[in-house]
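S.K.: Following the hints, put chain B in place on chain A, whose structure we already have.
Number of protein chains: 2
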Amino acid sequence: MINSQLINPSSIVVIGASNDLRKAGGKMLHNIIAGGYTGKIYAVNQRESQVQGQNSSSTIEQLPNVDLAILAIPAQFCPSVIDELGKNHKTKAFIVISAGFSELNEVGEKLEQKMIENANKYSASLSGPNSIGIINTHYSGVFTTPIPQLDSITGCDFISSSGATAVFLMEAGMQVGLRFSSIYSVGNGKQICAEDYLEYLDDKFDPINGSKTIIMYLENISKPQKLLKHATSIIAKGGRIAAIKSGATKAGSRAASSHTGAMATSDMATRALFRKAGIVYCSSREELISVASVFSYKRLTGKNIAVITHAGGSAVMLSDALAQGGLHVPLLSGEIAEELLEYLHSGSSVSNPIDFLATGSAEQLGIIIDFCEHKFDCIDAMVVVFGSPGLFDVENVYKVLNVKMDVCKKPIFPVLPSLVNAAKEINYFLSKGHVNFPDEVILGKALCEVYNTGAPSEPSNIENIIDIKKIKSVLNTPTDVEGYLSVEANNTIMDALGIPRAAEIAVDSEYQALQAAQKLCFPLVMKVIGPVHKSDVGGVALDINSNNLVVEQYKAMMEIPEARGVLIQKQHRGIELFVGVSHEHGFGHLLMMGLGGIFVEVLADIKVCLCPCSKEEIVFRLKNLKGYPLLQGIRGKPGVDIDAFAEIILKISHLTEILPEITELDINPLLGTGTDIIAVDMRIRIEK
Amino acid sequence: MINSQLINPSSIVVIGASNDLRKAGGKMLHNIIAGGYTGKIYAVNQRESQVQGQNSSSTIEQLPNVDLAILAIPAQFCPSVIDELGKNHKTKAFIVISAGFSELNEVGEKLEQKMIENANKYSASLSGPNSIGIINTHYSGVFTTPIPQLDSITGCDFISSSGATAVFLMEAGMQVGLRFSSIYSVGNGKQICAEDYLEYLDDKFDPINGSKTIIMYLENISKPQKLLKHATSIIAKGGRIAAIKSGATKAGSRAASSHTGAMATSDMATRALFRKAGIVYCSSREELISVASVFSYKRLTGKNIAVITHAGGSAVMLSDALAQGGLHVPLLSGEIAEELLEYLHSGSSVSNPIDFLATGSAEQLGIIIDFCEHKFDCIDAMVVVFGSPGLFDVENVYKVLNVKMDVCKKPIFPVLPSLVNAAKEINYFLSKGHVNFPDEVILGKALCEVYNTGAPSEPSNIENIIDIKKIKSVLNTPTDVEGYLSVEANNTIMDALGIPRAAEIAVDSEYQALQAAQKLCFPLVMKVIGPVHKSDVGGVALDINSNNLVVEQYKAMMEIPEARGVLIQKQHRGIELFVGVSHEHGFGHLLMMGLGGIFVEVLADIKVCLCPCSKEEIVFRLKNLKGYPLLQGIRGKPGVDIDAFAEIILKISHLTEILPEITELDINPLLGTGTDIIAVDMRIRIEK
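From first to last, the protein sequence lines are chains A and B.
Per the working numbering: the first sequence = residues 1 to 688.
Per the working numbering: the second sequence = residues 1001 to 1688.
Simulated from the structure, these hints should not be mistaken for lab results.
A few of these clues could be false.
Said to hold, decoys possible - In silico DSBU-like pairs for lysine-lysine, Cα to Cα no more than 35 Å straight-line:
#, chain 1, residue 1, chain 2, residue 2
1, A, Lys375, B, Lys1637
2, B, Lys1023, A, Lys623
3, A, Lys404, B, Lys1023
4, A, Lys534, B, Lys1637
Because the structure is a prediction, the values reported are computed rather than measured.
Only chain A is shown next, with the shape it has when bound in the complex (with noise of 0.2 Å):
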């Protein structure tokens, strides 16, 4: 829970204040005092009556009521005091920056649960234990440096589960002249959660007079439901996130475990939780960085760039960064390119990358500009890279730049690369308010990350012709001892979805089984009825094309242990596909896609979305596919109705919405053509 007296205190106490700066207790209190806050201070130290110019207090007891208590003691003492500071000092909030809590071992998680409870007790607020704690624009509450200068419109908003990871992220993110807006290290974060801090820029997000953008270091992800909302909501208001889920691999999550006890959730999961959110995806502090540095320019909102440039080097390296990465950079020719290239010397090029050579000017980097903002109307935005060889001043030219960035409706990302020549003008170009982006393939590869996270979509309506009624019917059926649903249960799921099944008939003869056949024609496929993993015990058969074969593998099938019966099916031919859900969790369902065969078991060619989803995000995702090509058909051959595969995925989104009990899902393969796509074998497993 976060409130006012965490976020804006009237008053706030340090426990275990210090005279001492390299003490974690000392710097806190020096950082509250040097960052200017307006509130009152009190510091809490058992042998000095004076700290840092503060009047100091030896124990508790002797404090007046104060808002927010940091502590900065031994984990032991913690409880006892957030106990006496909630009953006596009206202590309504917490930042708790020691170590030796449930991060350490069992005593400190008894520790830690002591504390959440009698901080609960009062209904306080409670951030870490274990963290660096909280700078925002009331007050600057953390015992680390640097602290940036907080811009609340411009700067980002950092929720990191890190402290150190927050302070690496700071200091090379202010090198660059990313701004930040606040910080909030979470720590071992069992009150106040990474989510809880979202939630809270949630409610407070104001797009005109407040910071828009929010950077996230997440270890783990406890409560992602809560985390889809509040990103969709705030990207859904015009604010823009992106962050790093660490832990990814294996090793990772080993890394992540010991750190802050972080449950490792597959990296799966937390992609479609990010994709349907709408947050950018990154893998490290730079590409962290360099995101949120996109972010603090104009927004990109078409995929044909301008590389405009006097080196050019950096623009072939962009270019091919650019393109590998689905941007355009498209080729700039006629009358207009002609027109622009009247303005520059001889020798330079317009056809995009627009290389104005080492000698151009200040003023024709404005004219170039100019046309890209209002004559190539092909243009949606431009990179400026700027460099120095050292033989003269840049100034005029980034002057000129930042002029341009500011009244350019269209967004210009600038390269200034020259730290060492131009480090004055580059100085003087972030004082500007700028964020400078040092390596164009840097830059190149964050504006396609940025570019290839879609928006967040609204999940379609549950059509009405679904027969909901008769879905939940089947969770009154009997499932097999590991959950599964029936042949029968499953059948009636698809009826009621509308999802086209292969014709069947269940049978439990000779007779009947020749019967069926002479019915559904040849070829065939028998599968054994009672066995679950029916082609492991050899309850499988395809291309049944004679009485005889009927015959034959009906007694076979029968012989099989568990054997109740054999399903006998019309063959169909087409492209496999298939769909299936998994539940993950605290995230809920995910939804896989792509097609059969090889596709999934070699090439792992599956597309997932978190359930529920819309049927654009579907068509987007399989798209994704790299068997995409199949599905549309190559060489002549026939592909499947996309669009018919694509609502048969939504049918199984909107059943994961009526059948919650579902844990897991498999329709492998749906057989597809270029007119029908047919399931052929169904796999849904409940918990109820």
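M.R.: Chain B only, in chain A's frame:
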């Protein structure tokens, strides 16, 4: 041609020298003087008698003999100045920094040709034009800044197609402590190209007293075989090379060609060349700097990395990056791990990442490193992440790190992320000759790139059993108009190489067709003889399993224009494979391999080697195919005889040596089973 006068001149004249340091001729002279050049310096300036304290001539005539002339004068004057200097002043080397040559227009191109002719007349080196010049331990012959302090043993030699990119890379590299040994700016490079500088570095390579790392920024590869030869040679002598070849995409090539008139070479050919040579392929300045920084440390000899940190978050992201790139962060446990744990603060983790907490000391770091060096046999290298929250000085930690990096045999890579809080200590660390990796993930990716770039492999020798004479005999057989060999010639080659092919009989009557069918047994494949693109004209029929069909297809195929007969083949089953060859100008033959069908057509799952190659290289490449599990056999389905497949590919590599006239070759498909691989269809095109 690179001569000693270019590399180590005993006298230098700057033509177009100036007192104005904002002019290239002024800055050039300044840099040479400031760089402490010990030979004689002359200046030519039309108006001044003294330039920067040096006596200046107003005309060339007045000059004495001089080894190296640096030209900073308009392009139109360069050819005659070079002629005069070569004729009358024994000048044997020129650096032309002026622009306005082939990169500008046709007039410039002619000037450039003339200038080169003049230099050649006197056997003089000509570096440039349109370059920034040369920096080596003898002189600082560039007009740009910064001039890095050179280290001829631990620094890297840097060859750059782009002067500005060279400047920007030096600026960024110097920030992290990357050292340089020499810089060669190629410019238009028509007389001395990048490959010539590489040859020079190869010739002078000294693994003890010279630099061992070369980095290159290339916009074109004009002499691929020369690049291959010297890169391979340098790496064999213990050197290490990383390079960017920009212009990988269409947009990028357009940018490159407008920049230096670079010819677009396919990225595929470049990658095959780099792989063969053992050059690490990079795509950005930052990547190149990171890889060069990795090169500056001891060599990574195994894939097991210990991640040592006091900051959990960095360790998690780094572990993810290493694992995703194929390196290991092995779990450490057992007695030794327990023993190490006793030296650390409570709450530390040694399971790897080794996290010794925010409170970890320099002494503990030393102990951890010693354990990794001496006791954990499974560890090949260490990464130490150590920043500062700003509470206290970390110099003692960096001192320990500095010592351990020197004494340990296992490489230690430092991540010092606190660019603000530990700026002073990082500078101390860099002053000890180290390079810093500010971002852990960027280091992780660079380590993986380096580790995954194999050493160059010697091509296997041509087997004696191949009947070379027989193969060469096909050159005397007629080809079709497009240069394709006849079916008979193809078969001659396959048989001489000992590549099994499908049994087949060519027929030109119905009667012969039926006889052939009887001999080969159903099912059969029938292919029209005559037309090249058989499939497109309905000239290929599969699954022929009756005499009626044989007759029917025979009649239909003989109706196709240009049909001269029909080829009847036994229809084989198996996994579709393919081998192909294409000839890339200058590079030689590229060998392509993979699975057939959708793997080529949809997934572009193709691996490419530069001929001639070794079997190890082929096997290595096959293992990297996405479809490799299919070759091994999955889910009980048999795979193919991978060794036999590699052997066939190797034979095709040999074939390109025997018949360099081949411009295009396709064996597609080969059908592979667990025991046999049979070539079913092949096309070979030659250019005599």
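S.K.: Each hint should be assessed against the structure and marked as holding or not.
M.R.: Checked hints:
Distance hint between A/Lys375 and B/Lys1637 is unfulfilled; the C-alpha atoms sit about 61 Å from each other, more than 35 Å. About 54 Å separates the Cα atoms of B/Lys1023 and A/Lys623, which puts this hinted pair outside 35 Å; it is violated. Between A/Lys404 and B/Lys1023, the direct Cα distance comes to roughly 28 Å. Compliance with the 35 Å bound is thereby established for this hinted pair. With a C-alpha separation of about 17 Å, the suggested pair A/Lys534 and B/Lys1637 falls inside the 35 Å cut-off, and the hint holds.
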